[in-house]
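Quick note on numbering: my numbering labels position 94 of the sequence shown as 94, and the sequence is numbered without any gaps.
Since the hints were made in silico from the structure, they are not lab data.
Keep in mind the model is a prediction, meaning the values are calculated, not measured.
Some hints here could point you the wrong way.
FRET-style restraints, in silico, Cβ to Cβ [as the list claims (entries may be wrong)]:
no.: 1; residue 1: 84; residue 2: 18; range: 17 to 23 angstroms
no.: 2; residue 1: 26; residue 2: 57; range: 20 to 26 angstroms
no.: 3; residue 1: 39; residue 2: 61; range: 23 to 29 angstroms
no.: 4; residue 1: 57; residue 2: 83; range: 48 to 54 angstroms
no.: 5; residue 1: 19; residue 2: 51; range: 47 to 53 angstroms
no.: 6; residue 1: 102; residue 2: 60; range: 40 to 46 angstroms
C-beta atoms are modelled at their ideal positions from N, C-alpha and C, and glycine is treated no differently.
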Amino acid sequence: MSVRPPQSFSNPGGSRQTGLDILEYELMAERADALGRHGLRVEQAIAALQALDDPETTPARREALLDTAADVVWSFFIQREICGLRSNRDAIERYRIPREVVARLGVVRKKGQT
Numbered sequence: 001m002s003v004r005p006p007q008s009f010s011n012p013g014g015s016r017q018t019g020l021d022i023l024e025y026e027l028m029a030e031r032a033d034a035l036g037r038h039g040l041r042v043e044q045a046i047a048a049l050q051a052l053d054d055p056e057t058t059p060a061r062r063e064a065l066l067d068t069a070a071d072v073v074w075s076f077f078i079q080r081e082i083c084g085l086r087s088n089r090d091a092i093e094r095y096r097i098p099r100e101v102v103a104r105l106g107v108v109r110k111k112g113q114t
């Protein structure tokens, strides 16, 4: 019968980094960075929606802004799911995403429409 010491004794620092561990770390960092970039796009799209308060905003411009915001928020939610964040309620509250935008999430529009 042979006796092996615990792995924590055989490895200084208690952790063993393999190429796979390093790759997983890099992938996690990239997912987090992409989530941050998507969050900034959501902030910009929501800020653009503030232009809807302008009385000179045409209905076509309003629809375009809402559609753009819905597309940006939809891709943000997909990126959140890739990162393992399943609930979007906190993001809706944090970014103050209007109900009009949430109602349009995932809508596929015909080509030529924006």
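Range hint compliance [Cβ, residue 57 to residue 83, 48 to 54 angstroms]: violated, 34 angstroms
Distance restraint hint 40 to 46 angstroms, applied to the beta-carbon atoms of residue 102 and residue 60: At 22 angstroms between Cβs, range violated.
Outcome of range test on Cβ distance (residue 39, residue 61; 23 to 29 angstroms): This hint holds: roughly 25 angstroms between Cβ atoms.
C-beta pair residue 84, residue 18: status relative to the range 17 to 23 angstroms that was hinted: holds, 22 angstroms
Range hint 20 to 26 angstroms (beta carbons of residue 26 and residue 57) holds or violated: violated, 44 angstroms
Range agreement (Cβ of residue 51 with Cβ of residue 19, hint 47 to 53 angstroms): holds, 49 angstroms
In terms of the numbered hints stated before, the structure departs from hints 2, 4, 6, listed from lowest to highest.
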